[in-house]
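Student: Each chain, written out:
Protein chains: 2
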Amino acid sequence: MDWKPNRHSHLTIQEQIVDWIKSRIEQGDWSVGTKIPTQRQLAMEFNVNRSTVQLAIDELKADGFLESKMGSGVYVANNSWNALLNRSQPNWQQHIESSIHKPNYHTIQLINEYEQMDQIIRLGTGELSPELLPTKQIEQSLKKISLDSKEIGYSSPQGSGKLRRILCNYLKKRGIQTNPENILIVSGALQALQLIAVGLLEEGSIVFQELPSYLNSVHPFQSSGMQMISISRDKHLADTLRTLKRNRQSLFYCVPTLHNPTGYNWSIEERKYFYNVCKELNIPIIEDDVYHELLFESPPPAIKSFDISGQVLYIGSVSKTLSPGLRIGWVVAPTPVIRRLADIKMQTDYGSSAFSQEIVAHGISSGLYEKHLIKLRKQLKTRASFVEEILEQRFKKIATWKKSEGGFYIWLRFHKPVVNKALFLKLIKKNVLINPGYIYETRDLHHIRLSYAYASFEELNEGLNILLELIQQ
Amino acid sequence: MDWKPNRHSHLTIQEQIVDWIKSRIEQGDWSVGTKIPTQRQLAMEFNVNRSTVQLAIDELKADGFLESKMGSGVYVANNSWNALLNRSQPNWQQHIESSIHKPNYHTIQLINEYEQMDQIIRLGTGELSPELLPTKQIEQSLKKISLDSKEIGYSSPQGSGKLRRILCNYLKKRGIQTNPENILIVSGALQALQLIAVGLLEEGSIVFQELPSYLNSVHPFQSSGMQMISISRDKHLADTLRTLKRNRQSLFYCVPTLHNPTGYNWSIEERKYFYNVCKELNIPIIEDDVYHELLFESPPPAIKSFDISGQVLYIGSVSKTLSPGLRIGWVVAPTPVIRRLADIKMQTDYGSSAFSQEIVAHGISSGLYEKHLIKLRKQLKTRASFVEEILEQRFKKIATWKKSEGGFYIWLRFHKPVVNKALFLKLIKKNVLINPGYIYETRDLHHIRLSYAYASFEELNEGLNILLELIQQ
Ligand SMILES: Cc1ncc(COP(=O)(O)O)c(C=O)c1O
Ligand SMILES: Cc1ncc(COP(=O)(O)O)c(C=O)c1O
Numbered sequence: 001m002d003w004k005p006n007r008h009s010h011l012t013i014q015e016q017i018v019d020w021i022k023s024r025i026e027q028g029d030w031s032v033g034t035k036i037p038t039q040r041q042l043a044m045e046f047n048v049n050r051s052t053v054q055l056a057i058d059e060l061k062a063d064g065f066l067e068s069k070m071g072s073g074v075y076v077a078n079n080s081w082n083a084l085l086n087r088s089q090p091n092w093q094q095h096i097e098s099s100i101h102k103p104n105y106h107t108i109q110l111i112n113e114y115e116q117m118d119q120i121i122r123l124g125t126g127e128l129s130p131e132l133l134p135t136k137q138i139e140q141s142l143k144k145i146s147l148d149s150k151e152i153g154y155s156s157p158q159g160s161g162k163l164r165r166i167l168c169n170y171l172k173k174r175g176i177q178t179n180p181e182n183i184l185i186v187s188g189a190l191q192a193l194q195l196i197a198v199g200l201l202e203e204g205s206i207v208f209q210e211l212p213s214y215l216n217s218v219h220p221f222q223s224s225g226m227q228m229i230s231i232s233r234d235k236h237l238a239d240t241l242r243t244l245k246r247n248r249q250s251l252f253y254c255v256p257t258l259h260n261p262t263g264y265n266w267s268i269e270e271r272k273y274f275y276n277v278c279k280e281l282n283i284p285i286i287e288d289d290v291y292h293e294l295l296f297e298s299p300p301p302a303i304k305s306f307d308i309s310g311q312v313l314y315i316g317s318v319s320k321t322l323s324p325g326l327r328i329g330w331v332v333a334p335t336p337v338i339r340r341l342a343d344i345k346m347q348t349d350y351g352s353s354a355f356s357q358e359i360v361a362h363g364i365s366s367g368l369y370e371k372h373l374i375k376l377r378k379q380l381k382t383r384a385s386f387v388e389e390i391l392e393q394r395f396k397k398i399a400t401w402k403k404s405e406g407g408f409y410i411w412l413r414f415h416k417p418v419v420n421k422a423l424f425l426k427l428i429k430k431n432v433l434i435n436p437g438y439i440y441e442t443r444d445l446h447h448i449r450l451s452y453a454y455a456s457f458e459e460l461n462e463g464l465n466i467l468l469e470l471i472q473q
Numbered sequence: 001m002d003w004k005p006n007r008h009s010h011l012t013i014q015e016q017i018v019d020w021i022k023s024r025i026e027q028g029d030w031s032v033g034t035k036i037p038t039q040r041q042l043a044m045e046f047n048v049n050r051s052t053v054q055l056a057i058d059e060l061k062a063d064g065f066l067e068s069k070m071g072s073g074v075y076v077a078n079n080s081w082n083a084l085l086n087r088s089q090p091n092w093q094q095h096i097e098s099s100i101h102k103p104n105y106h107t108i109q110l111i112n113e114y115e116q117m118d119q120i121i122r123l124g125t126g127e128l129s130p131e132l133l134p135t136k137q138i139e140q141s142l143k144k145i146s147l148d149s150k151e152i153g154y155s156s157p158q159g160s161g162k163l164r165r166i167l168c169n170y171l172k173k174r175g176i177q178t179n180p181e182n183i184l185i186v187s188g189a190l191q192a193l194q195l196i197a198v199g200l201l202e203e204g205s206i207v208f209q210e211l212p213s214y215l216n217s218v219h220p221f222q223s224s225g226m227q228m229i230s231i232s233r234d235k236h237l238a239d240t241l242r243t244l245k246r247n248r249q250s251l252f253y254c255v256p257t258l259h260n261p262t263g264y265n266w267s268i269e270e271r272k273y274f275y276n277v278c279k280e281l282n283i284p285i286i287e288d289d290v291y292h293e294l295l296f297e298s299p300p301p302a303i304k305s306f307d308i309s310g311q312v313l314y315i316g317s318v319s320k321t322l323s324p325g326l327r328i329g330w331v332v333a334p335t336p337v338i339r340r341l342a343d344i345k346m347q348t349d350y351g352s353s354a355f356s357q358e359i360v361a362h363g364i365s366s367g368l369y370e371k372h373l374i375k376l377r378k379q380l381k382t383r384a385s386f387v388e389e390i391l392e393q394r395f396k397k398i399a400t401w402k403k404s405e406g407g408f409y410i411w412l413r414f415h416k417p418v419v420n421k422a423l424f425l426k427l428i429k430k431n432v433l434i435n436p437g438y439i440y441e442t443r444d445l446h447h448i449r450l451s452y453a454y455a456s457f458e459e460l461n462e463g464l465n466i467l468l469e470l471i472q473q
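Taken in sequence, the protein lines are chains A and B. Using full-length UniProt numbering, read the first sequence as starting at 1 and increasing by one per residue. Using full-length UniProt numbering, read the second sequence as starting at 1 and increasing by one per residue.
Each hint should be verified, as a subset may be incorrect.
Over 12 Å on every C-beta distance to chain A, these chain B residues come out as not near it, computed from the model [unchecked claim]:
| id | residue |
| --- | --- |
| 1 | Gln54 |
| 2 | Gln227 |
| 3 | Glu270 |
Calculated cross-link-like contacts (lysine-lysine; reagent style BS3-like; alpha-carbon spacing at most 30 Å) [stated by the list, open to error]:
| id | chain 1 | residue 1 | chain 2 | residue 2 |
| --- | --- | --- | --- | --- |
| 4 | A | Lys143 | B | Lys61 |
| 5 | B | Lys22 | A | Lys172 |
| 6 | A | Lys150 | B | Lys421 |
| 7 | B | Lys416 | A | Lys136 |
| 8 | B | Lys102 | B | Lys426 |
| 9 | A | Lys172 | B | Lys35 |
| 10 | B | Lys144 | B | Lys426 |
| 11 | B | Lys4 | A | Lys162 |
| 12 | A | Lys402 | A | Lys381 |
| 13 | A | Lys173 | B | Lys421 |
| 14 | B | Lys235 | A | Lys272 |
| 15 | B | Lys272 | A | Lys375 |
| 16 | B | Lys421 | B | Lys371 |
| 17 | A | Lys143 | B | Lys371 |
| 18 | B | Lys402 | A | Lys136 |
| 19 | A | Lys371 | B | Lys143 |
| 20 | B | Lys272 | B | Lys172 |
| 21 | B | Lys143 | A | Lys162 |
| 22 | A | Lys162 | B | Lys245 |
| 23 | B | Lys245 | A | Lys35 |
To be clear, the hints were calculated from the coordinates, so they are not data collected in a lab. Glycine is no exception: its CB is placed at the ideal position from the N, C-alpha and C atoms.
Work out the full structure, taking the sequences as your base and the hints as a guide.
Tutor: So, in structure tokens, the structure goes:
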């Protein structure tokens, strides 16, 4: 919001707020049924006391513009302004409720919302702290980039040829031999999953996954009507898959390197065994490898590197390593798959940002990216040790965890099932934001996905203290 | 494709091509059922004679690796390599055919494909010629941009606050009064349509449109199961809409400024009449205004500017004016709509490129964008006159058209129904690419969407000559 009350106006602050809210309703910005921001949020935005906001809202309620719904907040009333002025407004709320795509879980919407606020301590955020981003280097690169007018027009369906050639070379290091025409540039790994969902699977197909799973916190497959089946990778894997798959189309989604949220890292043997089972059963694999570069020790080869039958759809991204704001990722897959996904991408958004692609191409080909990675891994390792030290000192009696092998996360398990939505909300009130385990596995009330990548050392320390306090209460 | 045969190898060119294709099949890149590129394309890519390619392909056919399907091309055979080596490969073709999203029309796939080739003359392309893009200015801006580390992380759901504030100010000039929280940044106008389709409409909703329509050349609504109904805006509009809508959810999609493909521009009266009818019937409007800045004379106010009931979803973009490679557009709409679309956008791709957003923000706020627009309109006007002159001299007897009022297009109508797929394909053989009218209205065989924005003057001249020749045959 842009508006703030004017302290030098002849109107009181409360009157100004009332007028402003009325004008939002009048203009149709806040249509019937809109949930308005909380008093707390408005007070913060307007930089005024919460009691002033409350008085303004009470006045608007009394006049019939707003109404409270028990336990859920304040809404623009049905019989408000519009009725008075005999206006008809579309009932957007009804449109929204009957439409196709699932809303995000409420907890995740809250996370997205509160992440925007400066004073909040983010203990779970799956991204690099601003201070770990190579902002200055990227700024330097921007100065060196010379643009080709042809490259900043509408893109070819698969994305920049230059970037795809550079990636072919880059991916060799993880054992992947491929060609530019077997690569599709996407706007982040998440978009790759979205394209696969609508472009390669019939409704009702099975998507196998392990539990907990990142896929439960977003829902590209669920929103397209796929059936998610969670299984564990034990020695009965082949039998389990055979029994569950029957004659249905299926895919197996996995994160073999530094799994989100557990941080688990598959050994070579586990990778080979898994590949062979899926190959035998003709179950294609989505290998989501966005954390590949962040293993503290050198990473085992990608599953894709064993793939001689076009079984693996391989996904990478620079979101976790360079900058999520670039929105650049890639898929490596057999030609018909790439052509199909590229066709749908063209229908969806006509390609990814040419500028972002140019920046990534420059970063990788100049070697700056790899230099940055070496430093980044060190910094992450220091941060991991810092948090592990705090855990060791203060959480040992109530929780367990595994030492981090890389990436961002520690999958902290409390002995007791204390991690529920109430805890999440109580922490927000104390300006601490966590990623509770139930986002990744609905019935899990034991885990928190701790991230040592985002918050500052002081914040990590303070946030963990507040967490501990609330849990011990 | 990256590979080229080596002229100094001990193997013949033909042998090298055979080996290369075999290795593609072996690695699973070209899986069973993959349609391989045409001989013509391969010859061009490899920079060899077509007859050499043909010999290589004949050899692979004889050995059972490839097979021809009558009139459709050459495919990786079922009983190939894989069978020989007893490998199982996923049948991706089957996956693709049964999946959810519609493929692009074949003609549009061909357009996307041939647009990538350098020697082709593009008579229909809906984008600015590389020489009209302010590439140097953007390069200069890149040097001046100072990045904020916080801005290049994962984005807030609605996109950069800075850009949204700048847009609020920018949109005032077209009569639109709005707030940053009523704006969503999207990856181009096309993505806005996609988000609206899955986020605001129940399956089977009606999307009204005029004919011909840009929406027939992409299908965000069709792929989500909406029913497209085409109607004309005459004085019976209200009755027609009332009869057709019944109790169904519906939206009206329109392009009131420089319509694609006709170039038609609605007067103020038409805009007001249309708005009032839709308001009375409670039919929300999607106002797609991506050509707004390109009207040669000053544009009439946006329909959104009359909107006091939250009835209009307003869409803009910099693709047609600054650079399509930025992939930046916006939606202005009531709060619940924006929140809903932002939520789905987060689930789809976690936001648009922060770098692109920064570039657009810099361009608009520095005034460079408006400066560029003044020059651009002049250049487009000169190009329009150039093409109109050619039409006047050579096409007068066989076709009609209206003088362009701005934008990119002339909607050229041939007296006879000559614009069929055969003509499209014959023109490709002569290296000329057109956008035939049937992309925008299936049964239309009279029109071509000529674009004077892309090809050079020489190309426009030559391309139109070839077109004339073929049509007169
Ligand atoms: C396993 C995994 N896959 C994909 C993504 C999405 O990454 P991107 O920003 O490239 O879309 C994430 C980030 O949260 C992730 O953890
Ligand atoms: C009317 C119309 N709307 C939307 C688009 C898509 O624009 P963008 O590149 O912003 O997605 C186009 C471009 O072809 C168009 O002509």
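Student: Run through the hints listed earlier and report the numbers of any the structure violates, in increasing order.
Tutor: 4, 7, 10, 13, 14, 15, 16, 18, 22
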